[in-house]
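Each chain, written out:
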Amino acid sequence: KAGVTQTPRYLIKTRGQQVTLSCSPISGHRSVSWYQQTPGQGLQFLFEYFSETQRNKGNFPGRFSGRQFSNSRSEMNVSTLELGDSALYLCASSPNPSGTGNSPLHFGNGTRLTVT
Amino acid sequence: AQSVTQLGSHVSVSEGALVLLRCNYSSSVPPYLFWYVQYPNQGLQLLLKYTTGATLVKGINGFEAEFKKSETSFHLTKPSAHMSDAAEYFCAVSDSFGNEKLTFGTGTRLTIIP
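Protein chains in written order, with the working numbering: chain D, 289 to 404; chain H, 100 to 213.
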C-alpha cells in the first residue's frame with residue numbers, strides 16, 4: 289500500500305506570493321492533518337480534515353487555509369507569504385479522525401518551503 | 100486540554116548503552132500516548148502507542164515504553180543503542196474520546212556515540 293505522498297518536496301517562494309501544497313493520503317484513509325515544523329516552534333498543528341469537513345484548526349492566521357476533496361486528497365494554501373512561513377510542512381493521514389486511539393497518524397515526508 | 104513535556108532536547112548515549120527518553124503528559128481525560136521517530140529529511144514514523152490494556156508497550160526497532168498513570172509519564176527505552184537509532188523522537192498525546200487533536204512534545208534529538 290502506498291504511503292502518504294506530499295508534493296512538491298521542495299519549494300522556494302518570494303515574500304508576498306502564495307503557495308499550494310498537496311497531500312495524497314493512504315488509500316482508504318479519510319482524515320488528513322497538516323503540521324508545520326520549525327526548529328524554534330517544533331510541530332504545530334494547522335488543521336485536520338475528515339470527509340471533506342474541517343474538524344479542528346490550530347492557532348494560525350487566516351492566510352493558512354486548506355481543503356479536502358471527495359477522494360480524500362488535501363491541499364493547503366498559504367497566501368501573502370512571510371519569511372517566517374519557511375518550514376517543513378507535514379501531512380498525515382489516518383482511517384478515522386485524529387486521536388481516536390487505534391488510528392495513529394501516518395506521515396508523509398513533507399514539503400520544505402523556503403520563503404526569500 | 101492536553102500537553103506533553105519532553106525532558107532534554109538533546110540526549111547522547113554510547114553505542115550499546117541504555118536509551119531513556121523522558122515524556123510527561125497532562126490530560127484531563129484518559130490519554131492515548133504515542134512515540135514517533137523522525138530521521139533527517141523524512142516525516143514522522145510511529146514507534147509505538149498506548150491506548151488501553153497493558154501498560155508496557157513494545158514497538159518497532161526494540162523500543163518500548165511504559166505508561167505510568169500515577170507519574171503521568173510515558174518514557175521511551177531501549178536496552179542497547181545502535182548507531183541507526185540516531186534521530187529525533189517525539190512523544191504525543193490525544194484524548195481517548197477522539198475530541199482533541201494529537202499534541203506533540205518539542206522532541207528529543209538522540210545522538211549515538213561510537
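Hints were generated in silico from the structure; no laboratory data involved.
Every residue, glycine too, gets a C-beta built ideally from N, C-alpha and C.
Incorrect hints may have been included.
Sample of chain D residues facing chain H (criterion: CB under 10 Å; computed from the structure) [as the list claims (entries may be wrong)]:
#1 L299
#2 S315
#3 H317
#4 Y323
#5 Q325
#6 G330
#7 Q332
#8 F333
#9 R343
#10 G346
#11 F348
#12 A380
#13 H394
#14 N397
Verification of the supplied hints:
1. With a least beta-carbon distance of about 14 Å to chain H, the hint placing L299/D at the interface is violated under the 10 Å criterion.
2. Interface hint at S315/D: violated, since its Cβ lies 17 Å from the closest Cβ of chain H, which is beyond the 10 Å cut-off.
3. About 14 Å separates the beta-carbon of H317/D from the nearest beta-carbon of chain H, more than 10 Å, and the hint is not met.
4. Taken as an interface hint, Y323/D checks out: its beta carbon lies about 8 Å from the nearest beta carbon of chain H, inside 10 Å.
5. For Q325/D, the shortest C-beta to C-beta distance to chain H is roughly 9 Å, which falls under 10 Å, so the interface hint holds.
6. The restraint placing G330/D at the interface with chain H holds, with a minimum CB-CB distance near 4 Å, inside the 10 Å limit.
7. Among the interface hints, the one on Q332/D holds; its C-beta lies about 9 Å from the nearest C-beta in chain H, closer than the 10 Å criterion.
8. For the restraint placing F333/D at the interface with chain H, the shortest Cβ-Cβ distance is roughly 5 Å, inside the 10 Å limit, so the hint holds.
9. Restraint check, R343/D versus chain H: the minimum CB separation of about 8 Å is within 10 Å; hint holds.
10. Contact between G346/D and chain H, as hinted, is supported at the beta carbon level, the nearest pair being about 8 Å apart and thus within 10 Å.
11. Hint on F348/D is violated. Least Cβ distance to chain H is approximately 13 Å, over the 10 Å limit.
12. This hint holds: A380/D has a C-beta 8 Å from the nearest C-beta of chain H, less than the 10 Å allowed.
13. Given the 10 Å rule on beta carbons, the hint for H394/D holds: about 7 Å separates it from the nearest Cβ of chain H.
14. Here the hint on N397/D is kept, as its CB sits about 5 Å from the closest CB of chain H, short of 10 Å.
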